[in-house]
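Enquirer: Here are the chains, one letter per residue:
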Amino acid sequence: MYDSDKPVLEVKGLKTHLTTKNGVSKAVDGIDFSLHKGETLGIVGESGCGKSMTSLSILRLIPSPPGKIVDGSILFKGKNIVEMSEDQLRKIRGNEISMIFQEPMTSLNPVIPVGEQIAEALRLHQKLGKKDAWQNSIEMLKLVGIPSPEKRAKQEPFQLSGGMRQRVMIAMALACRPEVLIADEPTTALDVTIQAQILELIKKLQAKIGMGVIMITHDLGVVAETCDKVAVMYAGNIVEHAPTEQLFSDPKHPYTKGLLNSLPRIYEDQDELATIEGNVPSPYHLPEGCRFASRCAHREAICDRKLPELIEQSDGVKVRCWMYTDQWALHEEKEEVL
Amino acid sequence: MMMFILRRIFQTIPVMIGVTFVVFFIMQLVPGDPAVLLAGEGASKETIEGIREQLGLNQPLYVQYTDYLMNIFRGDLGVSLKNSQPVLDEILVRLPITIELAFFSILITIVLGMAAGIISAIKPYSLTDVSVMLIALLGISLPSFWFGLMLMYLFSVKLQILPVAGWDSILHIILPAVTLGAGGAAIVARMTRSSMLEVIRQDYIRTARSKGLRETVIIYKHALRNALIPVITVVGLQFGALLGGTVLVESIFAINGLGRMIVDAIRMRDLPIVQGGVLCASLIFVIVNLFVDIFYRFFNKRIELN
Ligand SMILES: Nc1ncnc2c1ncn2[C@@H]1O[C@H](COP(=O)(O)OP(=O)(O)OP(=O)(O)O)[C@@H](O)[C@H]1O
Ligand code: SF4
Ligand SMILES: [Mg+2]
Numbered sequence: 000m001y002d003s004d005k006p007v008l009e010v011k012g013l014k015t016h017l018t019t020k021n022g023v024s025k026a027v028d029g030i031d032f033s034l035h036k037g038e039t040l041g042i043v044g045e046s047g048c049g050k051s052m053t054s055l056s057i058l059r060l061i062p063s064p065p066g067k068i069v070d071g072s073i074l075f076k077g078k079n080i081v082e083m084s085e086d087q088l089r090k091i092r093g094n095e096i097s098m099i100f101q102e103p104m105t106s107l108n109p110v111i112p113v114g115e116q117i118a119e120a121l122r123l124h125q126k127l128g129k130k131d132a133w134q135n136s137i138e139m140l141k142l143v144g145i146p147s148p149e150k151r152a153k154q155e156p157f158q159l160s161g162g163m164r165q166r167v168m169i170a171m172a173l174a175c176r177p178e179v180l181i182a183d184e185p186t187t188a189l190d191v192t193i194q195a196q197i198l199e200l201i202k203k204l205q206a207k208i209g210m211g212v213i214m215i216t217h218d219l220g221v222v223a224e225t226c227d228k229v230a231v232m233y234a235g236n237i238v239e240h241a242p243t244e245q246l247f248s249d250p251k252h253p254y255t256k257g258l259l260n261s262l263p264r265i266y267e268d269q270d271e272l273a274t275i276e277g278n279v280p281s282p283y284h285l286p287e288g289c290r291f292a293s294r295c296a297h298r299e300a301i302c303d304r305k306l307p308e309l310i311e312q313s314d315g316v317k318v319r320c321w322m323y324t325d326q327w328a329l330h331e332e333k334e335e336v337l
Numbered sequence: 000m001m002m003f004i005l006r007r008i009f010q011t012i013p014v015m016i017g018v019t020f021v022v023f024f025i026m027q028l029v030p031g032d033p034a035v036l037l038a039g040e041g042a043s044k045e046t047i048e049g050i051r052e053q054l055g056l057n058q059p060l061y062v063q064y065t066d067y068l069m070n071i072f073r074g075d076l077g078v079s080l081k082n083s084q085p086v087l088d089e090i091l092v093r094l095p096i097t098i099e100l101a102f103f104s105i106l107i108t109i110v111l112g113m114a115a116g117i118i119s120a121i122k123p124y125s126l127t128d129v130s131v132m133l134i135a136l137l138g139i140s141l142p143s144f145w146f147g148l149m150l151m152y153l154f155s156v157k158l159q160i161l162p163v164a165g166w167d168s169i170l171h172i173i174l175p176a177v178t179l180g181a182g183g184a185a186i187v188a189r190m191t192r193s194s195m196l197e198v199i200r201q202d203y204i205r206t207a208r209s210k211g212l213r214e215t216v217i218i219y220k221h222a223l224r225n226a227l228i229p230v231i232t233v234v235g236l237q238f239g240a241l242l243g244g245t246v247l248v249e250s251i252f253a254i255n256g257l258g259r260m261i262v263d264a265i266r267m268r269d270l271p272i273v274q275g276g277v278l279c280a281s282l283i284f285v286i287v288n289l290f291v292d293i294f295y296r297f298f299n300k301r302i303e304l305n
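Residue numbers (numbering that gives the first Met the number 0), protein chains in the order written: chain A, 0 to 337; chain B, 0 to 305.
Derived from the structure by calculation, the hints contain no laboratory data.
Keep in mind the model is a prediction, meaning the values are calculated, not measured.
Glycine included, C-beta positions come from ideal geometry on N, C-alpha and C.
Accuracy of the hints is not assured; some may be wrong.
[As the list claims (entries may be wrong)] If you want the footprint, here are the derived chain B segments under chain A, 3+ residues with CB under 8 Å:
{"#": "1", "stretch": "177-189"}
{"#": "2", "stretch": "219-227"}
[Claimed, not checked] Quick list of in silico lysine to aspartate or glutamate cross-link-like pairs, EDC-like style, CA-CA up to 16 Å:
{"#": "3", "chain 1": "B", "residue 1": "LYS220", "chain 2": "A", "residue 2": "GLU115"}
{"#": "4", "chain 1": "A", "residue 1": "LYS90", "chain 2": "B", "residue 2": "GLU214"}
{"#": "5", "chain 1": "B", "residue 1": "LYS220", "chain 2": "A", "residue 2": "ASP4"}
[What the hints assert, rightly or not] Label pairs and their calculated CB-CB ranges:
{"#": "6", "chain 1": "B", "residue 1": "LEU136", "chain 2": "A", "residue 2": "THR18", "range": "54 to 60 Å"}
{"#": "7", "chain 1": "A", "residue 1": "THR18", "chain 2": "B", "residue 2": "VAL262", "range": "30 to 36 Å"}
{"#": "8", "chain 1": "A", "residue 1": "ASP325", "chain 2": "B", "residue 2": "PRO123", "range": "49 to 55 Å"}
{"#": "9", "chain 1": "B", "residue 1": "ILE139", "chain 2": "A", "residue 2": "SER160", "range": "39 to 45 Å"}
{"#": "10", "chain 1": "B", "residue 1": "LEU106", "chain 2": "A", "residue 2": "THR192", "range": "50 to 56 Å"}
Kindly produce the complete structure, drawing on both the sequences and the hints.
Expert: Here it is, written out as structure tokens:
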């Protein structure tokens with residue numbers, strides 16, 4: 000059945016669309032990636048490109064309505080999450096795949112002690128008794144570096160700082176030793192020193208548990224530090240998929256290049272990806288052709304005609320751009336003839 | 000917290016003094032001379048004057064008021080003009096009845112209201128939801144005296160399963176308590192529903208789902224506790240409305256509670272009873288509000304700080 004050389008998680012052709020009164024938003028529009036044990040995949044891209052929608056889709060947590068997975072499959076150890084029953088899904092959620100959310104301030108229940116919020120998952124999935132689960136949740140709080148965990152466990156979220164709440168979220172996500180951790184911008188809401196501590200913590204725990212991590216961020220510094228490979232997203236698509244080193248040393252897609260060119264500015268403003276001129280197309284009205292075309296300096300007629308495919312290059316990097324296809328050469332010749 | 004409670008208790012003192020003031024002086028404005036009334040028809044001038052003397056009605060107003068205030072502190076609310084019984088005794092007989100009625104009504108308001116609200120919120124816009132909310136809308140719009148009479152007609156006159164009026168057994172409590180509690184229940188139901196729907200959209204509910212919890216655990220453990228916070232305010236407000244409502248319901252169902260006592264006393268111009276009754280009702284109102292405030296503050300502390 001499940002072979003450990005195979006990826007734990009395999010996403011194929013995932014499309015998650017949102018139907019609102021303004022029309023259909025193609026927030027996630029054909030995403031493919033895979034993740035092995037112990038590996039860290041970074042997903043980067045500007046605000047609104049569909050990072051959170053992609054990660055929420057994996058655990059089928061998209062708000063519905065308006066959201067719906069309309070196509071594709073999400074294979075976890077070979078089983079398709081998209082087609083699972085609620086019961087099957089519940090056994091995976093928080094147990095084999097867990098998630099750290101982008102919003103640490105609002106993601107914990109305000110009226111339940113944090114220790115209990117960790118313990119309930121342990122009782123549910125690990126079938127621990129009340130006492131053991133509580134003891135275990137204190138251990139988890141200790142593990143994520145919360146001082147006097149016995150006292151903190153009994154407190155409610157409002158008594159904790161933002162950094163501590165995010166640590167609690169991590170403790171909660173890791174309590175059942177998941178095989179996959181999805182971390183959706185685990186540090187954006189936090190200040191720089193705490194950011195570094197939290198990333199360090201995730202890396203340390205990853206080494207300990209051997210889980211695969213999906214690190215969602217719009218901070219390329221975080222990517223460089225933590226990820227083995229990176230998927231660059233743009234308007235619901237992956238436009239480039241490469242090992243981290245290759246992405247930084249030899250970026251291919253014009254969008255990736257733009258991101259890297261503006262890297263120095265990232266350190267001035269940690270929260271925002273440096274801006275590239277022009278606007279991202281609205282997910283409600285996507286162009287026929289390349290979605291980056293309106294901002295691309297290399298744009299040719301062919302770019303507006305058809306959306307390029309994500310194609311693997313000779314060095315293993317995957318790019319979604321006409322420049323890296325045979326058609327590009329043909330196209331240029333044709334232009335010359337004319 | 001202790002400071003808050005103490006401060007809140009101290010705040011009630013001027014309020015209560017204000018109430019005695021208003022109660023006392025409004026009664027002065029009521030037309031008709033109580034001494035004349037008390038003496039009965041055809042009494043001689045001397046008799047009337049004697050009664051006036053006896054009750055201190057010929058003293059200047061401020062003297063009457065301070066006397067009145069001192070007497071209250073001594074637990075002396077005067078005697079009924081009708082039967083010369085101490086007012087306090089009369090109140091102590093009537094008050095438990097009203098409290099019992101109010102208790103069961105608020106129970107109906109809370110239990111029925113919250114249950115209906117939750118049922119609605121679990122499947123919004125379903126047939127159940129729409130029907131429950133339609134009934135709730137009726138519950139808010141119907142005047143309670145009409146509703147009470149309809150209940151009485153249906154259950155007591157037509158079906159004959161519940162007593163028409165009186166206050167002897169638990170069966171007697173049902174119809175008045177439903178009449179009095181229904182409006183509040185409708186309001187609480189609507190509030191619970193909207194609050195639940197709001198809470199279900201929150202990030203922490205998504206977190207609870209991401210842990211693999213069952214839907215029932217998510218609703219009752221994670222959502223309900225948060226959803227009830229605004230509902231508590233509404234329930235608090237209902238206490239006030241409820242006390243007013245007892246007057247009407249006690250009259251409809253012929254229950255000898257405090258509300259009916261006041262109404263009867265007004266009709267008979269039994270001034271001390273009216274004063275004592277209103278004073279007592281105000282005191283209850285102030286105390287209930289005090290508790291609601293403290294309870295709400297306690298419950299809401301973490302939300303405010305958040
Ligand atoms: N509840 C919703 N209703 C309608 N559209 C939504 C909803 N949530 C997200 N979207 C849309 O889906 C698209 C993708 O959003 P998503 O949250 O995945 O972006 P993101 O890449 O995570 O951005 P950020 O970096 O700001 O977190 C956006 O265009 C957004 O407008
Ligand atoms: S396909 Fe064309 S427009 Fe799009 S990124 Fe490549 S060159 Fe630019
Ligand atoms: Mg996001």
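Enquirer: Which constraints among the numbered hints does this structure fail? Numbers only, ascending.
Expert: Of the numbered hints, 1, 5, 6 and 7 do not hold.
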